[in-house]
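Quick note on numbering: the sequence shown equals residues 120 to 633 in this note's numbering.
All the pointers check out, no bait thrown in.
Lysine-lysine pairs mimicking DSSO-like chemistry, simulated, CA-CA at most 27 Å apart: (1) LYS331 / LYS248; (2) LYS515 / LYS466; (3) LYS466 / LYS429; (4) LYS515 / LYS471; (5) LYS631 / LYS429; (6) LYS266 / LYS331; (7) LYS429 / LYS515; (8) LYS266 / LYS400; (9) LYS400 / LYS331; (10) LYS400 / LYS248; (11) LYS515 / LYS631.
FYI, nobody ran anything at the bench for these hints, they're computed from the structure. On a predicted model such as this, the values are computed, not experimentally measured, just so you know.
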Amino acid sequence: MPRTLRLLAITALMLGVTAASTDDPIAVNWSVVARIREEGLQRSRVMDFESYMTDVLGARLTMSRDMQRAQQWAAAEMSRIGLVNVTREPFMDFGVTWDNEYVSLHLLEPDYTPMTGYPIAHTNGTHGKVTAEAVLVDLQSRADLEKYRGRLRDKAVLVTPPVAINTDAMAAGTPRLTETDLAALERTVIAPARPAPPRTVRNPDVLTALEKVEFYAAEGVAVVLQSDGGGVGFVRGFSRPGSREDGWSRAGMLASPAIVAVTPEHYNRMWRLLARGIPVKVEVEVRNRIGERVEQAANLIGEIPGTDLKDEVVMLGAHFDTWHASPNSSDNTSGVAVALEAARILKAIGVKPRRTIRVALWNGEEQGLWGSRAYVRTHFGSPRDSLHPPTAAHEKFSAYFNQDYGAGQYRGIYLQGNEGARAMLTAWMAPFRDFGMTTVSNQSVGSTDHVPFDDAGLPGFQFIQDRLAGSAGHTNLDYLETINPNDLMKNAVVMAAYVYHAAMADQRVPRKNR
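Starting from the given sequences, assemble the full structure and let the hints guide the process.
Next up, the structure:
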């Protein structure tokens, strides 16, 4: 029997599709699903949300004025949708604000070229327009310090090796998940164990990234130039080394040299010229606005109130923060748009959920899941955390559903090793076979906001998503043009249906046996 027909047959047996009993705790409410589909596919606003966040709000670095302004819009939008108890909930002191206001980068000699680059977050600016001679620096060990000491003042230093670009991968593109890919995910019934990271003993003679930055600052370099991009036109730039350790402090930012990440083509050209012994001169100006006082980062929370089980909770969400070189349309503006649209759909069709449905737009995810971890710790606690033991809300929590792995269409869901939830999550997938959503994998995935829930013994899930050609998360090229509107429309419909069924089921989503 073909795989698709086999899956449909299994689902029909599980659900009793021809005559689903209303007493079935995991039965699909096909009537409500039809209304969700109609609202989400025929009157969708998901691209309105996506476009506004991308084109108007732009980048939203954690603890930036840009993020604070964006949260004001999002809170108002959540209220317009009809969510209640919309709250900006602070979760930690997150240092001072940092916003890039201006960057200009030019190759002056031996041939004029405008170049593309973005400052690394939480660094200082150049204090005006700077014209500087470029030099190559290979600073690895403490022995190298003397080689460069006294030679770098007012220089533009290139500190990373040339970037290799995999042109074969570019030609191959990024295909969507095939039936073979999905079958492999489904057949891996014993998830591979994650190997423990190897223990390393730091060689004290090898300089850390922070020690290198401190040396450049002490030597009075004009600007540090680097490139970590792996694709044509990509600029990847994250945060200054040491920024987390000093608590994103004003002093740490002011003490840093200006550091600019440059697109590989422009960076590699400068590197090759210098390697040939040909002088290179650049003109750089970077203006960064650095806050005066420590402020608190916050999550955004809104609710659709429950009815007879209102003290129990089902959550959906995505991280609102981004890196700063682009609006990050895929990572994770797309997830926020899907979460808002799923909530809008449920409000638009007038559902009265039994459990409270709570929408969370997280902050601080890119720095290490700070917002979602703090929320779980504060509201639910964990059996594994002696300082924050389980609260009363921990027992009454049902499930959290997350989107973060780009803007690709949902093709299934990861169980996160929670076999007890398989029947429910498989059943609720049945109305979306025509979307290509067919796979339940027992595997666990990490690095995003469902993980703190899972770590606390709560059901937290991430959907299996297609990887899309053109996706450029964490780069300067993550704009609206990389988004497939149909994918986001379908994702919002699926998200709304999963959340609805979890909120209406007679029983909460089962938890792992630990």
